[in-house]
Amino acid sequence: MTIALAAPSADLFDSWAATVAEFGGVHIDGAGLELGTVPDREACGAFVAKAQLYGRASAQLPDGHVPCDYFWITDDGEVVGFIAFRRELNDWLRRVGGHIGYSVRPSRRRQGIVRAALNLVLERARAEGYDRVMLTCDDDNEGSYRTIEGAGGVLEDVIEAPDAGHPRLRRYWIALS
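Heads up, the final residue of the sequence shown is numbered 266 in the numbering used here, and it's a clean run with no missing numbers.
What the hints contain is simulated information worked out from the structure, not anything from laboratory work.
Check each hint, because a few of them may be wrong.
Claimed, not checked - What follows is a list of derived Cβ distance ranges for each label pair:
no.: 1; residue 1: Gly125; residue 2: Glu212; range: 29 to 37 Å
no.: 2; residue 1: Val247; residue 2: Leu124; range: 20 to 28 Å
no.: 3; residue 1: Gly166; residue 2: Pro251; range: 35 to 43 Å
no.: 4; residue 1: His116; residue 2: Glu238; range: 18 to 26 Å
Small disclaimer: the values here were computed from a predicted structure and weren't measured.
All C-beta atoms in this analysis are idealised placements derived from N, C-alpha and C, irrespective of residue type, glycine included.
Given these sequences and hints, build the entire structure.
The structure is reproduced here in structure tokens:
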């Protein structure tokens, strides 16, 4: 297994489309896609353009959006998941989203893929001078909270967030310095 972070690219369309399709139309954390996105070439091209826009610090973004680096998690060059690094926190992200969101296609879970990808994003954040980052996960998502804790995450609290689609949400901070 060779886990890497790839910039979104139409060159990876086939494995991107297969990965998105495997989620079956549900929300995909860290993917930057609208709910129910059909993984066709048009959607891929639109997302590649979105990722380029959001990755520019000076970009004019829609209200409520923040600069974000979107990555496709690859294994030997095939897309197996998604991870996003939001460069700042607005009120909503501070409450329920955090700096980093991620997902791995269902058939590739429990293989250490997120752990490896998260470590790569944390290295980037550290190199760019971030002192700490916030991550959140559903209170009942044992795989995710174990991954966050394994990366040094310290639980700040558990909140009720039904308005955001999360009955109970764990909020963590990872110190980078």
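Here's how the hints hold up against the structure:
1. Gly125 to Glu212: 29 to 37 Å: Since Gly125 and Glu212 have Cβ atoms about 33 Å apart, the given range 29 to 37 Å holds.
2. Val247 to Leu124: 20 to 28 Å: 25 Å, holds
3. Gly166 to Pro251: 35 to 43 Å: About 40 Å separates the Cβ atoms of Gly166 and Pro251, which means 35 to 43 Å holds.
4. His116 to Glu238: 18 to 26 Å: Hint holds: Cβ distance 23 Å, inside 18 to 26 Å.
Every hint from the earlier list agrees with this structure, and none is contradicted.
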